[in-house]
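Using the sequences and the hints given, assemble the complete structure.
Residue numbers (numbering that gives the first Met the number 0): 0 to 182.
In case anyone wonders, no lab produced these hints; they're calculated from the structure.
Only true hints are included.
Heads up, simulated DSBU-like pairs for lysine-lysine below, C-alpha to C-alpha not over 30 Å straight-line:
{"#": "1", "residue 1": "K133", "residue 2": "K94"}
{"#": "2", "residue 1": "K44", "residue 2": "K101"}
{"#": "3", "residue 1": "K12", "residue 2": "K133"}
{"#": "4", "residue 1": "K131", "residue 2": "K44"}
{"#": "5", "residue 1": "K133", "residue 2": "K84"}
{"#": "6", "residue 1": "K94", "residue 2": "K84"}
{"#": "7", "residue 1": "K131", "residue 2": "K109"}
{"#": "8", "residue 1": "K133", "residue 2": "K101"}
{"#": "9", "residue 1": "K133", "residue 2": "K109"}
{"#": "10", "residue 1": "K131", "residue 2": "K12"}
{"#": "11", "residue 1": "K44", "residue 2": "K12"}
{"#": "12", "residue 1": "K133", "residue 2": "K4"}
{"#": "13", "residue 1": "K109", "residue 2": "K44"}
{"#": "14", "residue 1": "K44", "residue 2": "K4"}
{"#": "15", "residue 1": "K2", "residue 2": "K133"}
Beta-carbon label-pair distances, calculated as ranges:
{"#": "16", "residue 1": "V22", "residue 2": "S89", "range": "28 to 36 Å"}
{"#": "17", "residue 1": "I16", "residue 2": "D97", "range": "31 to 39 Å"}
{"#": "18", "residue 1": "Q54", "residue 2": "S89", "range": "39 to 47 Å"}
{"#": "19", "residue 1": "S56", "residue 2": "R80", "range": "46 to 54 Å"}
Glycine is no exception: its CB is placed at the ideal position from the N, C-alpha and C atoms.
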Amino acid sequence: MSKVKRLLQTYTKFVAIPWREDVAAAQRVIFCVYNETEELRLRAKIDEFELATRQVSHGWSLFDLTETFASWMASQRYATRYFQKPHLLSTLLPKYLDHIEKEFSAYLEKTQADADTVVAIQGVGSLFGFLKVKDVVDRLAPLVAGRLLLFFPGSYENNNYRLLDGYDGWNYLAVPMTADKEF
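What follows is the structure, encoded as structure tokens:
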């Protein structure tokens with residue numbers, strides 16, 4: 000059985016457990032951790048995650064981060080200059096986080112995601128080199144009334160998440176799910 004299929008089975012078992020309403024935003028976050036080489040396979044199975052969620056009477060909403068940097072950067076007045084001098088881009092990146100938060104808030108309002116909805120985020124790997132996933136989760140988790148699910152290409156080991164197996168890992172309160180271990 001493929002690793003993505005095992006990850007889907009773990010998620011299916013988890014999402015079927017009744018949800019507590021009295022948990023903090025950071026504890027309502029779920030990380031589906033998979034090897035970055037499985038990205039295309041996982042994206043092909045996203046509909047199965049939605050189906051598993053809906054089968055237990057929860058709502059589903061999918062937000063994609065993949066193209067947010069490109070669209071945000073294209074909207075910048077001096078985008079061409081930043082491409083010519085990319086070392087200056089670091090001064091602008093906090094505004095990119097603000098942009099993601101604004102887009103995500105608008106998306107939640109449009110989809111009317113409630114306390115019984117799983118709001119999934121794909122394209123997390125596109126943040127690599129620009130923003131820390133922890134910072135993005137810290138901003139977005141309080142906006143979600145239900146559960147925030149991140150499809151996370153990287154690794155989870157000893158309570159430490161590493162995006163794309165980069166060296167900059169961090170510890171987070173989220174529920175980790177991997178193909179190898181059940182929650």
